[in-house]
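Residue numbers (my numbering), protein chains in the order written: chain A, 1 to 496; chain B, 497 to 1025.
Bear in mind the hints are in silico, worked out from the structure with no lab data behind them.
Since we're looking at a predicted model, the values are computed, not measured.
Please note that the accuracy of each hint is not assured.
To be verified - Computed spacing ranges between beta-carbons, pair by pair:
#, chain 1, residue 1, chain 2, residue 2, range
1, B, Ile919, A, Pro415, 32 to 38 Å
2, B, Cys521, A, Thr64, 18 to 24 Å
3, B, Thr952, A, Thr159, 58 to 64 Å
4, B, Pro975, A, Ala428, 37 to 43 Å
5, A, Glu158, B, Pro657, 51 to 57 Å
6, A, Leu421, B, Pro975, 44 to 50 Å
7, A, Ser6, B, Ala784, 48 to 54 Å
8, A, Ser489, B, Pro874, 23 to 29 Å
9, B, Thr952, A, Ser57, 44 to 50 Å
Said to hold, decoys possible - DSS-like, lysine-lysine: derived pairs with alpha carbons at most 25 Å apart:
#, chain 1, residue 1, chain 2, residue 2
10, A, Lys168, B, Lys949
11, B, Lys942, A, Lys109
12, A, Lys109, B, Lys949
13, B, Lys871, B, Lys974
14, A, Lys157, B, Lys942
15, A, Lys167, B, Lys871
Cβ atoms here follow ideal geometry from the backbone N, Cα and C, with glycine treated the same way.
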Amino acid sequence: METILSIKPLLAVLASLLAVPLILGTGNRPNVREFWSILAGVLKFSIVMSMAPAILSGHTIEYTLVSGFYQGIDIKFRVDAFGLLFATVSSFLWIVTTCYSIGYMRAGKEHAQTRYYSCFAVSLSATMGVAFSANLVTLFVFYEILSLATVPLVGHKETPEAIEGAKKYFLYLLGMSKTFLLSGIIIVYMVAGTTDFQRHGLLSNQPGSWLLFVGFFLFLFGFAKGAVMPFHNWLPSAMVAPTPVSALLHAVAVVKVGVFSILRVVFNVYGIDLMSRINLGFAAAYVVSFTIITASIIALTKDNLKARLAYSTVSQLSYVILGAVLLTPSGMVGGIIHIANHAFSKITLFFCAGSLYCSAHKTEISQLSGIGKRMPWTMAAFFIASLSMIGVPPAAGFTTKWFLALGSIEAHSVPILMVLLVSTVLNAAYFLPITYKAFFEKDKDAAAVAHAGDEPHEDIREIKMVVVPLVLTATISLLIGIFPDYFLSLAKEVIR
Amino acid sequence: MMNSLNFPILSMITYLPLAGILVICMIDSKRLQLIRWVAFGTAVVTFLVSLPLYFMFDNGTWEMQFVEDVPWVSQFAIHYHMGIDGISLLLVLLTTFLTALAILSTWTAVTERVKGYMVSLLFLETGMIGVFCALDFVLFYVFWEVMLIPMYFIIGIWGGPRRIYAAVKFFIYTMSGSVLMLVAILVLYFMHFKATGTYTFDILDYYNLGLPGNIQMWLFLAFFVAFAIKVPMFPFHTWLPDAHVEAPTAGSVILAGVLLKMGIYGFLRFCLPIFPQATINFVPIVLALSVVGIIYGAMVSIAQDDIKKLVAYSSVSHLGYCMLGMFALNTDGLKGSMIQMINHGLSTGALFLIVGMLYERRHTRLISEYGGIMKVMPAFAALFLLVALSSMGVPGLNGFVGELLILIGAFKSSLGYGLVATIGLILGAVYLLWMYKRVMYGQITKAENQGLKDMTGREYAYLLPIVLFIVWIGVYPKPFLKTMDASVDHLLEMVNPQTTAHLDGAKPSWLNNVFARVDLQQVAKGQGR
């Protein structure tokens, strides 16, 4: 294993940042403007993928941006398997989401699209920054930039409701990170004299103490983007954002940055040794298990489709954390690959919700009766993605569930296994009725209208720019279920 | 001493503004534009002349540099002793930098009695630089008092409607602190004679005096009140909002940017090294007051409906962080406190300039009179946001660096205070962003706001340099932090051996130094166990 010095991580971060002036400069020519977004996305994805061979063969790539920010603290990038996995997922899905956004935003004739695309680009840069951070301080810097850059996206509609959502979003994320997270980082710095991530954990040789025990929960709750209860409330409120924002940010970038960072702390700061020595693994596992079950139950009660998806996200994010804190090889692999699996499936679900809104102006689940016949592609994709969420083979989610279940058995923890089973049932209970409604129930309104002898219904047609991306992501979430090699080998590289 | 030029550069920087005043006095008071340009030119030249201080500064030593020392009043052993070290260097530069920008900001804000105004500002600059450079008690006191007079006039003549009240309050508060300090200086003077048989006013001579504990306590208290008023620390802060709100923009910028730093500087220069024993005894009280100040200042800021008052109260909170970092009494905290002084000077200075820009356009500072300004002044909105983010300590900007170091220091010294202080960080975000939202976002509800012009070239000229440093310190603080290393370590050595000596007087002093350092690290590690 050797360390390669390369500027590639910085380039990957900058690729979308440099697109911002171009986007702003061509704001009055939408086609050119969107071209820059897509170009930057492709460029970013290629840079990320070009690092894959080196990482897969066990190397790490480093680049120091500012050395000696303070004693023991550099602003530095370090690419390892875990960071690469996250970067691959988010940079790929950015391209897909940009295509989807073009369809969605134009169909809805949304305002301030230039601001939208430029904030999106900044968010992606920050996400890359988090993925490639070499220490907690660098991670914190990009984490906060991500919070800032996504506020205008959440409040995009500028209605009082949207402003309120954005405010809540910002206060939760900033408040938690400023109090809990910063305290946690300082505790780590105090104990270790540095905050650099290390392969088997920066603190792994430290004796256990109550301070480190408490410190871990400062991280768990401080990374509020991970939406661990009781600090999950910002996520449902942030659903006022336009759907592509919810899709990318609240299925991939923002929330995954939260869980990614928590996992970073588990693997590379605390280290598995220390975690198990001070019984942090179990303590954390029960906290997140509570989140998994409670969020699923709340999801059952929601009729608004995006709200249901939001709570499902809260629940699924905790799967990732649960896998990691089981501290067994299979559990950790399950947690890590769920970052990718959940990303592809959940983004599909959000895309479907957006498609329903764009084409048919439906936002509530109870309005969906019979919609499957008019929007077959959308609802088929929705079905595949929900199978993945539930964990039905061969969809991607099955791989996760398999490894998580194995992990909990390895950890000799029957309660955790029960949590997994119960949550699977709950997942099925809140996802399957939607598909059933869409395909097998009759649209009562339409029937009534048809009876009166008028035109059958107002024209509901799927929008190509919207449907192609969601079919693509649905297909991928099937494919990575059948061929999980790339993500699995990265995950195994992480825990090696 | 090291790198002393054969040239009295500190005196030159200090008295250059006076030369400018002479020139201005000779100009006909009706030629406003010429007066302004001369004043601005003087300030810029002063800034340029002060730059070599940074480049020729030797980071490797804690000793005073660029020293000038000549007898002044020999029968009382008063010397004209000037010099700077890592503690004062950046403050001198901050002073010359901010004064130039503050003068540039007055072009259209002050149109009456311009001559007097410019004279006052330049005179103030002399006083401020003098305070940071003086190494003789009497000289220090002279500059300290000199500074008061022009500030009194700036608030009292060019201020807002309640200017007389504010000016008198400012004067009385500061004056009562100074008197206490004067008494303490005289007591020290005689104590020194008693102990050594020689009279001296040289500040450095007092550093290793080893005064008895109870006397240290009383003298510390006298200095403490003087400096705590200046900082201002809770509960001595009540003059500050009045003075800030009534002062004209340039006055507020200098008041917040430099004058408040003198309190902190006073602690660093006098209280810590001269009264180490008392310092350590007072740590719990000072930490508690700082934390109360942080939270209280932030809470009161949230409740303000006047933008300028909000920024003024935010200073109470920010300076609370500086005090917290300093009295954590470790390297990280002290450095954080010192860099935070510079940060606060830049960020809050810039905020006052921004409030000034709004005020010049609309002649009101009530938040409710604004709203939707972003639509008419987009460039202003962007810079305002950046400065607000810097003030609340967003990573990548200067405020974060200071906050991080202060919190590291605070956590090392006391976990509890550290945790409480982090709550202040959220409150900081709340009042700044809420204010920003109410002023800049939303629809334009007042017709008067419809036609506001975006920033002018001159406004860019005085805001952008500050923004440059805000980003620079945020991204790459090393050039600033490295100037402090030696002085901070030395200061800590002076404070800490005394504790160990107190606990275990038998060890030789050099050993104490070694142990003091080890102890500090043990404290840090011990917290971790």
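Comparing the hints with the structure gives:
About 35 Å separates the C-beta atoms of B:Ile919 and A:Pro415, a value consistent with the hinted range of 32 to 38 Å. Here the CB-CB span from B:Cys521 to A:Thr64 is close to 55 Å, at odds with the stated 18 to 24 Å. The beta-carbon spacing between B:Thr952 and A:Thr159, approximately 34 Å, falls outside the hinted interval of 58 to 64 Å. The beta-carbon spacing between B:Pro975 and A:Ala428, approximately 60 Å, falls outside the hinted interval of 37 to 43 Å.
The supplied range of 51 to 57 Å is broken by A:Glu158 and B:Pro657, whose beta-carbon atoms lie about 37 Å from each other. The hinted range of 44 to 50 Å is not satisfied by A:Leu421 and B:Pro975, whose Cβ atoms lie roughly 59 Å apart. Distance hint check for A:Ser6 and B:Ala784: the Cβ-Cβ separation is about 50 Å, which falls inside the suggested range of 48 to 54 Å. Range check, A:Ser489 to B:Pro874: about 48 Å between beta-carbon atoms, so the 23 to 29 Å window is missed.
For B:Thr952 paired with A:Ser57, a C-beta distance near 58 Å fails the hint of 44 to 50 Å. Taking the CA atoms of A:Lys168 and B:Lys949, the gap is near 32 Å; set against the 25 Å cutoff, the hint is violated. Restraint check: the Cα-Cα separation between B:Lys942 and A:Lys109 comes to about 29 Å, which exceeds 25 Å; the hinted pair is violated. Straight-line distance between C-alpha atoms of A:Lys109 and B:Lys949 comes to about 30 Å, which puts the hinted pair past the 25 Å bound.
Taking the CA atoms of B:Lys871 and B:Lys974, the gap is near 38 Å; set against the 25 Å cutoff, the hint is violated. About 23 Å separates the Cα atoms of A:Lys157 and B:Lys942, which keeps this hinted pair within 25 Å; it holds. With a C-alpha separation of about 20 Å, the suggested pair A:Lys167 and B:Lys871 falls inside the 25 Å cut-off, and the hint holds.
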